[in-house]
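A.B. asks: Sequence:
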Amino acid sequence: MKKLLLVLLISISFAKAQNAANLFFNANGERAAAMGNAYTALSDEVLALAWNPAGLGYLRSYASSVVGRFGFGNSTITGFEQYGINSWNVDINSWTQLNFIGIVVPFEIESVKGGTGLSFRRIYNLTKEQNHTIKTAEGDTYSYHDNSDGGVDAFTLAVGVRVHKAVSLGLTLNYLVGSVDGFKNLNLNNQSDPSNYVTYHNRYSGFSAEAGILVKPMDFFSLGAYFSIPYTVTEDTTGGGTVDLGIPMSYSLGVAIFPTDHLVFSLDYRNQPISSVTVDGIKLKSLYGTEDTYSIHIGGEWQTEKIAYRLGFYKNKKTENILNPDQVYTGGVGIKFGTFIINAALEYTNTEIKQNFDLDDESIPFTQNTSEWRITIGAQVYFFGTF
Numbered sequence: 002m003k004k005l006l007l008v009l010l011i012s013i014s015f016a017k018a019q020n021a022a023n024l025f026f027n028a029n030g031e032r033a034a035a036m037g038n039a040y041t042a043l044s045d046e047v048l049a050l051a052w053n054p055a056g057l058g059y060l061r062s063y064a065s066s067v068v069g070r071f072g073f074g075n076s077t078i079t080g081f082e083q084y085g086i087n088s089w090n091v092d093i094n095s096w097t098q099l100n101f102i103g104i105v106v107p108f109e110i111e112s113v114k115g116g117t118g119l120s121f122r123r124i125y126n127l128t129k130e131q132n133h134t135i136k137t138a139e140g141d142t143y144s145y146h147d148n149s150d151g152g153v154d155a156f157t158l159a160v161g162v163r164v165h166k167a168v169s170l171g172l173t174l175n176y177l178v179g180s181v182d183g184f185k186n187l188n189l190n191n192q193s194d195p196s197n198y199v200t201y202h203n204r205y206s207g208f209s210a211e212a213g214i215l216v217k218p219m220d221f222f223s224l225g226a227y228f229s230i231p232y233t234v235t236e237d238t239t240g241g242g243t244v245d246l247g248i249p250m251s252y253s254l255g256v257a258i259f260p261t262d263h264l265v266f267s268l269d270y271r272n273q274p275i276s277s278v279t280v281d282g283i284k285l286k287s288l289y290g291t292e293d294t295y296s297i298h299i300g301g302e303w304q305t306e307k308i309a310y311r312l313g314f315y316k317n318k319k320t321e322n323i324l325n326p327d328q329v330y331t332g333g334v335g336i337k338f339g340t341f342i343i344n345a346a347l348e349y350t351n352t353e354i355k356q357n358f359d360l361d362d363e364s365i366p367f368t369q370n371t372s373e374w375r376i377t378i379g380a381q382v383y384f385f386g387t388f
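Plus 1 on top of the position in the sequence shown (first one is 1) and you've got our numbering.
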C-alpha cells in the first residue's frame, strides 16, 4: 500500500509541478474576469495593456489601475478504491496574487491619435497550496502537502496608434521575471518523516512581444485580434540546472456588440497550442502526449449611471490540469464614484480530469474533480485630460 501511494503521489505531483505544462493563460483585470474574459474587442482603456495594445489608440483620458486576486477550492480523486484507498480529498487553500498594475497616457501628435502605458502583471500563476488527505482500508491516513508560491510576471511597455478613424494597431514589449518557491511533504498518521520533505526554488526570465488590432467600423460594433509572438522563458532550477521553455505563437479573436449605450455583449476565441510548448527544444506532445486546446468566452455588461452589472462564461475544449479549468461561470459589479471606479469579479470553476495511471503492467483509470472560487478586486482612476 505504501509503495503504491508513494508512486501515485510522486507521479501526480510531478505532473502538476511541470512548470512548462502549467504556463496557462492567466487573465488580468476585474472587469474582464467578470465578463468571462471575453475582452479582446473591448480593450480601449487601461486593461488594453494586458489584453490588446491596439485599444490604446482609443484612449480618452489618463488612467491607472491596480488589481488583486485570490482563490480557494477542493478536489476529489476516485478510481483507486479496489487498491485499498477509501477516499482521496484535496484542499486547495487560499492563494493570492498581485494581478495587475498599470497606467496609461493618451497622446495626439498633429493628426495622429494614440496612447501608451506601463504595467506590471502576472502572466503565469504558479501559486497553489494543495493538501491531500488519503484514507486507506487499513485505517491509515496519509497527508501530502504540495505547496508552491510564485509565478512569471511582466513589466510591460505598450503603445497603440490609430492609423484610421476606425482602425488602431498596437505593440507590447514585456520583460519577464519571476520565481516559484515550494515544498512537498508526505506524512503517515500525522508522523512526519524528514526524508519525505523536499523543497525547491526556481527562477524565470525572458522577453516577449505582443501585437494587436482593434477595428471599430460602427459605434455599435468592434472587432479585435491579439497575437503573442513566440518567445523563450529560461527557468533556473534548484540544483543549478537551466531549462529553456519555448512558448509558441498564440492568438485570440474577439467581437463586441453595443445594442444600446448601456448594454454590451462580447465573444472571444482563444487558441492554446500547448502541445507545441517545448522543454529544451522537445515538444510537450512528445514528452507527455499533451494535446492542443482552445477556449470560447462570452460576456455581457449592463451599465447604469453609477453601477455596472456583468456576467460571463468560458469553456476549454480539453484540459489536463486544474490550472486550466473545463468551464468557468463569472459575474461581477462595478461602482462609480466620479472618476474613481471599484470593480469586483467572482469566478466559479469546475474541472474533470480523466487519466490513466500505469503501475507495472496495469493501467488504472482515475478521475479528479475540482471546483474552485476566484475573487478579483480592483480600482481604476481616471485623471485630467481627455482627447
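What the hints contain is simulated information worked out from the structure, not anything from laboratory work.
Predicted, not measured: the structure shown is a model, and the values here were computed from it.
Certain hints may be false.
Unchecked claim - Each computed DSS-like pair below joins lysine-lysine, with the alpha-carbon atoms no more than 27 Å apart:
{"id": "1", "residue 1": "Lys284", "residue 2": "Lys318"}
{"id": "2", "residue 1": "Lys166", "residue 2": "Lys114"}
{"id": "3", "residue 1": "Lys307", "residue 2": "Lys337"}
{"id": "4", "residue 1": "Lys337", "residue 2": "Lys286"}
{"id": "5", "residue 1": "Lys318", "residue 2": "Lys355"}
{"id": "6", "residue 1": "Lys318", "residue 2": "Lys286"}
{"id": "7", "residue 1": "Lys185", "residue 2": "Lys316"}
{"id": "8", "residue 1": "Lys185", "residue 2": "Lys136"}
{"id": "9", "residue 1": "Lys284", "residue 2": "Lys316"}
Claimed, not checked - Quick list of the computed label-pair ranges, beta carbon to beta carbon:
{"id": "10", "residue 1": "Leu174", "residue 2": "Val334", "range": "49 to 59 Å"}
{"id": "11", "residue 1": "Asp361", "residue 2": "Asn90", "range": "25 to 35 Å"}
{"id": "12", "residue 1": "Glu139", "residue 2": "Thr77", "range": "13 to 23 Å"}
{"id": "13", "residue 1": "Leu119", "residue 2": "Tyr252", "range": "16 to 26 Å"}
{"id": "14", "residue 1": "Phe208", "residue 2": "Ser88", "range": "14 to 24 Å"}
We put the beta carbon where it would ideally sit given N, CA and C, even for glycine.
A.B. asks: May I ask you to test the hint 13 to 23 Å on the CB atoms belonging to Glu139 and Thr77?
C.D. replies: 20 Å, holds
A.B. asks: Given the proposed pairing of Lys318 with Lys286, does the C-alpha separation stay at or below 27 Å?
C.D. replies: 17 Å, holds
A.B. asks: Verify the CB-CB distance for Leu119 and Tyr252 against the hinted window 16 to 26 Å.
C.D. replies: 24 Å, holds
A.B. asks: Given the hint that Lys337 pairs with Lys286, does the C-alpha gap stay at or below 27 Å?
C.D. replies: Given pair Lys337, Lys286 is violated - Cα atoms ~47 Å apart, limit 27 Å.
A.B. asks: Quick check: does the Cβ-Cβ distance between Phe208 and Ser88 fall within 14 to 24 Å?
C.D. replies: For Phe208 and Ser88 the Cβ distance comes to about 46 Å; the hint is violated.
A.B. asks: Leu174 and Val334, beta-carbon distance inside 49 to 59 Å?
C.D. replies: 34 Å Cβ-Cβ, so the 49 to 59 Å window is violated.
A.B. asks: Under the criterion that the straight-line Cα-Cα distance not exceed 27 Å, is the pair Lys185, Lys316 satisfied?
C.D. replies: 31 Å, violated
A.B. asks: Holds or violated: Lys284 and Lys316, Cα atoms, limit 27 Å.
C.D. replies: Since the Cα atoms of Lys284 and Lys316 sit roughly 25 Å apart, the hinted pair holds (cutoff 27 Å).
A.B. asks: For the pair supplied as a hint, Lys185 and Lys136, confirm whether the alpha-carbon distance does not exceed 27 Å.
C.D. replies: The given pair, whose Cα atoms are some 19 Å apart, holds under the 27 Å limit.
A.B. asks: State, for the Cβ atoms of Asp361 and Asn90, whether the hinted interval 25 to 35 Å holds or is violated.
C.D. replies: Holds: the Cβ-Cβ distance is about 26 Å, inside 25 to 35 Å.
A.B. asks: Under the criterion that the straight-line Cα-Cα distance not exceed 27 Å, is the pair Lys166, Lys114 satisfied?
C.D. replies: 9 Å, holds
A.B. asks: For the pair we were handed, Lys307 and Lys337, check the Cα-Cα distance against 27 Å.
C.D. replies: Satisfied, since the Cα-Cα distance of roughly 5 Å is no more than 27 Å.
The structure fails hints 4, 7, 10, 14 (numbered hints given earlier, in ascending order).
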